[in-house]
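Can you make the complete structure from the sequences, with help from the hints?
Chains as they are written, first to last, in this note's numbering: chain A, 517 to 1150; chain B, 1416 to 1718.
The set of hints was computed from the structure by calculation and includes no laboratory data.
There may be inaccurate statements among the hints.
One side only, chain A facing chain B, incomplete, derived with CB under 10 Å [said to hold, decoys possible]:
1) Ala660
2) Ile966
3) Ala1053
Using N, Cα and C, we set each Cβ at its ideal position, and we do this for glycine too.
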Amino acid sequence: MISDRNIQKNGLVNLAALVGVGVGAGLTARYLDSAAGYLSMLFIGFGFLVGAVSYFQMRLEARERAEKMEYDELLRAKSASALFDSPDAESFPAQRARQQFERVFVPLFTAVLVILQGVVVYWQWTALAKANPLKIERATVGMALFGLFALVLFLLGKYAAGIARIEKQRLLRPGAGYMLLGAVLCGVTIAGLAAGLMGYPKVDLIAARVMVVLLGLTVIETLVTLIFEGYRPRMKGQVVRLLYESRLIGLLGAPESLITTAAHALDYQFGFKVSETWFYRFLERAFAWIVLVQLGILWISTMVVFIEPHEQAVIERLGSPKDKVLEPGLHVKLPWPVDVVYRFQTRNLQQFLVGVVPDENLEKEKVLLWTKAHYKEEINFLVASRQREAITNQTPSDQAVPVNLLTASIPVQYTIQNVLDWAYKHENAAEMLKHLATREVVNYLVSVDIDEIMAAGRDAAAKELQKRIQQTADANQLGVRIVFVGLQDIHPPVGTSDNAVAEAYEQVNGALQQREGRILSAQKEAEEIVPRARAAAADRLSRAESYKLMKISDGLAAQGRFPNQVLAYEASPEVYKQRTYLDTLARALQKPRKYLLATTNTSHVINFNLEDQVRFDLLSDVSVPDEDKDKKKK
Amino acid sequence: MNRNPLTLFTGVVLVIIFVLLLFTFQVRQTEVAVVTTFGRYSKSITSPGFNLKWPWPIQRVYKFENRTQSFEKKFEQTQTGDSRIILITVYAGWKISDPQKFLIRFDGDPLRAEQSLENLIRNAQNSVIGRHQFGDLVSPNPADLKFDQVEKEMLVEVKDTANKEYGIDITLLGIKQLGLPESITTKVFERMKEERARLVTKFNSEGEEQATIIRAEANRKRQEILSKAEAESLVIMGQGEAEASKSMRVFEQNRELAVFLLQLNALEQSLKERATLILDAQSAPFNMLNGVSAENTKSKSGQ
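Below, the structure written as structure tokens:
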């Protein structure tokens, strides 16, 4: 039987170990940028909180036991004393303190723990999306340290769990559970680091996500326990379950208990003792060997590597690259860590943009206008101005620099051609290529005219840029082939609200259209004027021809008629003349207005108003123009 | 007892791994390593491979990047030789040439190295740009440009110091971006806008000019066509009259009658449209009305 003091000491040691290992794990995780390491640290931190509350509760229970012993001693010594006949609550302060602690503090702490763990779950889940990459080069140191942490936690946790089981010290159980789980999580972190060394750095992140899910499940379990505690029937003498103790943590911290639980479940299901069969006993005996063989197979499997169709890979033997590049297919190599394979997506077309910082939201827009920025950030490139001579005559203080500004989004597409150069000449070959390409674009644009490059010179410029970027990439041994350089998105800058440059360019296009419109309008008028003139000329000629024909016809008619008229005249000259005169007068005076003065009195003065009266019959030939038609014409 | 071989095997494996971790290290092709013994420099390892070492704290291994690293300086304002203000960004490619010096100068921290490089490059950049005209950096005539020369001069200025003092070899240096301060950018925008406005006016005037020319040409053609037609019509009419005159001879048979008939014809033609005649009763045939008028007067007075 271990004394209360020793058990408390054990609890205190566990607390110190949890603090020490938690801080160590946190610092190591920071050193490695290991997400799984951070999660392990957080679990250990929660273990410390739970262990601290358990330790406090343990002390309260120890005080209560001491108080009870004192009370029993006094009872024996003064059995007849009236003082102890009816013991009330005031007589047992330690017991009352423990009860108050269990009734008030424990549920409150459990609720706070649930909230805290919930917040951590949310924070870590979102933070993992932006987690820094694992520092693989430090992985070996990290593995050693986490191994040490795992060992410490395992030994202390195992010891505490043993005491808790043997001595029925339930208050040692929560802390021990967290310590054992901490040991397991340190082991998982080591596995993540080892995977990183083998070329799978994402395993660390995946392990961290699994740990976050585990913490989430713990939150749910504790919350359910907390709620159900309120509805649990209270029985006198029943040991109260620790609200903040997670069964899930206990189970995961001691995997062998999982096997025992599974064996019990099988026994119950099949109705006989499956756990006593030879096969089960063999499995139990050989389990460690089986795991070891599995690990061996896993290690041997690192001798085989599959390269995907879009990939090439470089193989390094003890850090030294082999000349042969691994092409797509199956390859055999020495096991990790002797041979390590580094994969590169050499056949995938890769692209970056020069001159802009892309924006995911703006990229979704389907219409790209010069007057509206369509990237997060657009660089104003300096381009030469043909008006340089005129402007450079100004004094320097004028600062009217002889340049124009141009916005360009230039996609540069490339593939990796020499994977060894790409991998070993530059720390970040993609970034270096972007620097070099941007430099070439800047260098090219400072010597071209804005109007030239935006019009006829665009294709030539794109080809020239592709050539230059390829040359500089080759000169710097980047091992890439430039596939395409596009100048399709090159335009004047948007400008400011007061100086909308792109809009001014659009107005020029508008003016060009207007100019063409005016010319076409004039041409339309010309097309009308000339044919009309030709028509008028034709009419005039036609009338002249008519006149000519009329004259000739009249002449011929007179030629035929006049001899006969002469004959008639000669027959009776006076009568013929009168008849002809009167006939003519009768015909001629049919229409004209006539005033006949029948009076003979010549002394009268007669006034005639010969002013033209409006003749409404004239208006019958006049048509009123249609207003609607007039408007349409306008 | 059954577990002894397993425990032994696992223990041996763990011990081997632990010993390997303590006594060996690997240098990759991409790395260069410096080994120190009790804090004192021992050796640099520049070729990849497997190496032995004493465990910490006796020996310590520092590993650095062996490949060319890129570094980009801030977008900085500076002044050219002809007092023009520009903004410039310079990028550089550098690699560790002397690992020992790199470790001593910067504690092996690349960020500290880049901070020192930035100051070095800024100094070179401002001094080189200050020696050149703006036209050396931006010119419509490629022959006038000294872009490459400016970059080379900058590289020469920093290369030696970086090599000797920092243990760094600057392999390349280039101008990544050129720009103008905001106030000048606004002025350039203003000028570009005015340039466009000039073109707008030009195109509008050109349109007006072309339209006027086209209209004038059309009117000229119309006039030409009408004038020709007029002349031609006069000729035709003359021809008609000439032809008609041939028939005039017939009138010689009785000239008096002919004149009389022509007068009558003229009279008839002239009275065709909107004529008003004031006639007295003496004109034939209205003189016939005189008797009627007298009789009417008599009959009225008789009554």
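Going down the list of hints, with the structure as the test:
The interface hint given for Ala660(A) is met, as the beta carbon of that residue sits about 6 Å from the closest beta carbon of chain B, less than 10 Å. With a cut of 10 Å, the hint placing Ile966(A) at the interface with chain B holds, because the nearest CB-to-CB distance is about 8 Å. Interface hint status for Ala1053(A): upheld, as the beta-carbon distance to the closest one in chain B is roughly 3 Å, under 10 Å.
In terms of the numbered hints stated before, the structure departs from none.
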